[in-house]
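Asks: Chain residues, written in single-letter form:
Number of protein chains: 2
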Amino acid sequence: MALTNQRSRAAAEQLRRDGQAALDWVARYLEHVPELPVLSPVKPGDILRALPQHAPQQSESFDAILKDLDSSILPGITHWQSPNYFAYFPANSSPASVAGDLLSSGFGVQGMLWATSPACTELEMRVLDWLVEMLALPEHFLSTRSGGGVIQDSASSANLCALLAGRERATQFGSNEDGCDQRLTAYTSAQAHSSIEKAIKVAGIGRKNLRIIEVDDQFRMKPSHLARAIEQDNRDGRIPCFVGATVGTTSTMSIDPLPEIGAICREHGIWLHVDAAMAGTAALCDELRYIHKGLEYADSYCFDCHKWMLTNFDCTCFYVRNRTALTNALTITPEYLRNTASTSGTVVDYRDWHIPLGRRFRALKLWCVIRSYGVEGLRAMVRRHVQLTNEFVSWLRSDSRFETIAPVSLNLVCFRLKGPDSANEALHQKLNASGRLFLSHTKLNGKFVLRFCIGQSYTDEEHVGAAWHEIQKHATEPAVAAG
Amino acid sequence: MALTNQRSRAAAEQLRRDGQAALDWVARYLEHVPELPVLSPVKPGDILRALPQHAPQQSESFDAILKDLDSSILPGITHWQSPNYFAYFPANSSPASVAGDLLSSGFGVQGMLWATSPACTELEMRVLDWLVEMLALPEHFLSTRSGGGVIQDSASSANLCALLAGRERATQFGSNEDGCDQRLTAYTSAQAHSSIEKAIKVAGIGRKNLRIIEVDDQFRMKPSHLARAIEQDNRDGRIPCFVGATVGTTSTMSIDPLPEIGAICREHGIWLHVDAAMAGTAALCDELRYIHKGLEYADSYCFDCHKWMLTNFDCTCFYVRNRTALTNALTITPEYLRNTASTSGTVVDYRDWHIPLGRRFRALKLWCVIRSYGVEGLRAMVRRHVQLTNEFVSWLRSDSRFETIAPVSLNLVCFRLKGPDSANEALHQKLNASGRLFLSHTKLNGKFVLRFCIGQSYTDEEHVGAAWHEIQKHATEPAVAAG
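Protein chains in written order, with my numbering: chain A, 3 to 485; chain B, 3 to 485.
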């Protein structure tokens, strides 16, 4: 009995037509994005007002949608794929990744269990094992050893899962069935990402039980302060359960001293998590692997391929030394999810490695990226960005109006006009309003500081040069004119 | 000074070429997927063994990748987009969604803040407001009122966020800075999704503080038992903070009695969350809106457009009655995320509405779906699936070998061969091994039961008919032969 499968065939046809239109739109977008104002100039509510109040009752054509994309949506886009984007950390991408993501959308598999698409799980295991070798991470993070890697949506979520695993281990797997033990304490530096504090809140550990450890003059966690805080908590009958260290902090890309921190964690039996969301990718290059010195102490680790490894959001790679510690913290198995493969214990069910049950086939885009560029191609990108950063710094240092704040690390420069915050705030505002570049800010030692991060896939010397030209131009105007 | 933008132009060209190849691949996949065995027949490790142990050092062509997709990946896919997929709940999709998702991948914006792409936030607000009207949800879920909606990755994550908001409100916003108050208690039915229990664990409330409320003979939470449990906890000095009710439970699609549960929650001031992950979409149709009777009591609500609204994973719509309750539970604002728009309080920053900081532009695919099909088109899909389900039930009831277990609700049928579990387990295994359909199972009243859910986008009467034919065929073989 042959089936006609009319709907499947009609869908294929519609995808050929509408998908083609979308693909052309994106290709044109990539061509023209360098000319668009990087930071969207719209005001709050502008986009909302351009959109109909009610959903259409009847079908509309994809052409009509694309027309509105140009007129109503595009003006409200801040262009993360512009080569003139230097703000926050990048979310870089590549054609290989977009094509790989299209395959993932097309498959539409939901890989919650090994059985619900074995390839979704096993390709992820293999590609994450590749990355252990590519970044020279400790071998216990391999799925063939005690650990393993998993793709999560963000470093925020990975940091939360690391904390949950640490919490679970400290309370001996399950003794906190009565609720989070209020004696638990956790530790991170004053320069760590806000997601650590958010995780502490989510996990019910309580913000008062998060010890914020001082940083040194290079914005690195002070191991001596960490040791002192842990010892004090031990004396007070607390249960230290988690240390969150950072390789490449958000404000300055500072690198916490993992060897010293790791030794302290090991001595006290505390879970050490290392968040290398932005910086991790640098370890593709031999000469930059110093960033991971001491990583062998870590119980868990994450970095974002969606920041600096040409893979479009979302793609955080999260590793654990011991997968049981993680899954113990997250497993719940109702009858409707039981199946032979899971029960046999011979497969990985990634639903037990993160908060969501459902999961998209994200390994596909990562696989496409690694194969399309090869390890050498990815290394070349990192080296180019680091090189451009060094050039930018040399220009900056040749202009006596500016000062760099914090050591320049990898691809991030923190700088400011010598003088009051107001002049720097005005410069920041003028630069972003120019539309020619977008950069963000932070505060260091109480001072307003500009952050310039080079990591967008399509950024070349000409864009860094044009940005520097713009910075110099606006810096020459008296700051008061900006008021 | 005109920039050459060579890399952007080269990327556009590469995307035209590789994106086209990926698009053709997906279109062919959709054409042929009805012929493929629905449940992947591979064994644990088969796919891993087919993949290289090491990442390539040099660039490979996209053609080479697609070739391996066919040979190494495709055999390990369980085909969620097959019209012969009847397992779990569907993760249905559409060409409009895939094309919309391609636009999202192409933009590559990261919408953590309003300022990092105003359109990413405001299109999401508008489309989620559309859905309030489309499903006739309570108006306080509108962003123009006290509440609002947000897209999350999964109902699991939405359920966690609802719990966190309830926990925060019960402890008067911040009084749990010392850690999760161990007096807190939460309530859900024995048929609720496992993600509620997972959320309880994550949030540090403790599994012993989750009260599992009995269900009636139709698998619905018993309000009298809920009331009794809450009263007992109040007498014991506990703090009831959260009730998780379900519209469309995973095992049987049963619908908890929201009017009675809601009245109890209101009386005791407890956060009521309603998880309608699968069933919610049915409310597109007037005649099916009974499922949401009593929803006006809910403090939060979620349903999955990636299950039954033609939107590819991930796209959970999560609503709150009072957005402040949610953001209080999740906000942390470091200096590097501060900006004029956020500080002004005139914009929504969706990073404070969920666990991750970063976020993809998921509203685009949803916008494309709603516009491409129109409300009428989406309604027609729901009606078709419900109608097909009714037909399947009539066939089942005309065959005296079978019995239905639990009332048939919307698009899910729970049935079994009259007789021992072993016969049903054998039937289940043979059906899935045939490759001609995929269905999953559950246990109800201690018995092994088959679940047949009709929600795949391309499923037509011919596929349901063929599935029924297959079921009848294998049911005629003596069960013992399967041993």
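Incorrect hints may appear among the rest.
For identical chains, the list gives no copy identity; a pair is met inside one copy or between any two copies.
As the list claims (entries may be wrong) - List of simulated lysine to aspartate or glutamate pairs, DMTMM-like, C-alpha gap at most 25 angstroms:
id, residue 1, residue 2
1, Lys45, Asp462
2, Lys210, Glu337
3, Lys449, Glu405
4, Lys224, Glu337
5, Lys449, Glu337
6, Lys449, Glu37
7, Lys449, Asp180
8, Lys445, Glu269
9, Lys295, Asp70
10, Lys420, Glu269
11, Lys445, Glu337
12, Lys210, Asp180
13, Lys432, Glu337
14, Lys432, Asp351
In case anyone wonders, no lab produced these hints; they're calculated from the structure.
Asks: Now tell me if each hint is right for this structure.
Replies: Going through the hints against the structure:
1. Neither within a single protomer nor between protomers do Lys45 and Asp462 lie at most 25 angstroms apart by alpha-carbon distance, with minima of 30 angstroms and 47 angstroms respectively.
2. Taking CA atoms no more than 25 angstroms apart as the test, Lys210 paired with Glu337 passes between copies only; the shortest distance there is 20 angstroms, against 39 angstroms inside one copy.
3. In this assembly of identical chains, the alpha carbons of Lys449 and Glu405 lie at most 25 angstroms apart only when taken from the same copy (12 angstroms versus 73 angstroms across copies).
4. Taking identical chains as interchangeable, the C-alpha atoms of Lys224 and Glu337 lie at most 25 angstroms apart only when they sit on different chains, with a minimum of 21 angstroms there against 48 angstroms within one chain.
5. Taking the shortest Cα distances, Lys449 and Glu337 sit within 25 angstroms of each other only across copies (11 angstroms), while inside one copy they are farther apart (57 angstroms).
6. With identical chains, the CA atoms of Lys449 and Glu37 are never at most 25 angstroms apart, being 32 angstroms at best within one copy and 64 angstroms at best between copies.
7. In this assembly of identical chains, the alpha carbons of Lys449 and Asp180 never lie at most 25 angstroms apart, being 45 angstroms within a copy and 31 angstroms across copies at closest.
8. When the C-alpha separation of Lys445 and Glu269 is checked against a cutoff of 25 angstroms, the pair qualifies neither within a copy, at 34 angstroms, nor between copies, at 47 angstroms.
9. Taking the shortest Cα distances, Lys295 and Asp70 never come within 25 angstroms of each other, neither inside one copy (50 angstroms) nor across copies (36 angstroms).
10. For the homomeric pair Lys420 and Glu269, neither the shortest alpha-carbon distance inside one copy (44 angstroms) nor that between copies (61 angstroms) is at most 25 angstroms.
11. With identical chains, the CA atoms of Lys445 and Glu337 are at most 25 angstroms apart between copies only, with a shortest distance of 6 angstroms across copies and 51 angstroms within one.
12. Taking CA atoms no more than 25 angstroms apart as the test, Lys210 paired with Asp180 passes in both settings, with 20 angstroms inside one copy and 5 angstroms between copies.
13. In this homomeric assembly, Lys432 and Glu337 come within 25 angstroms of each other (Cα to Cα) only across copies, at 19 angstroms, whereas the closest approach inside a single copy is 59 angstroms.
14. In this assembly of identical chains, the alpha carbons of Lys432 and Asp351 lie at most 25 angstroms apart only when taken from different copies (23 angstroms versus 50 angstroms within one copy).
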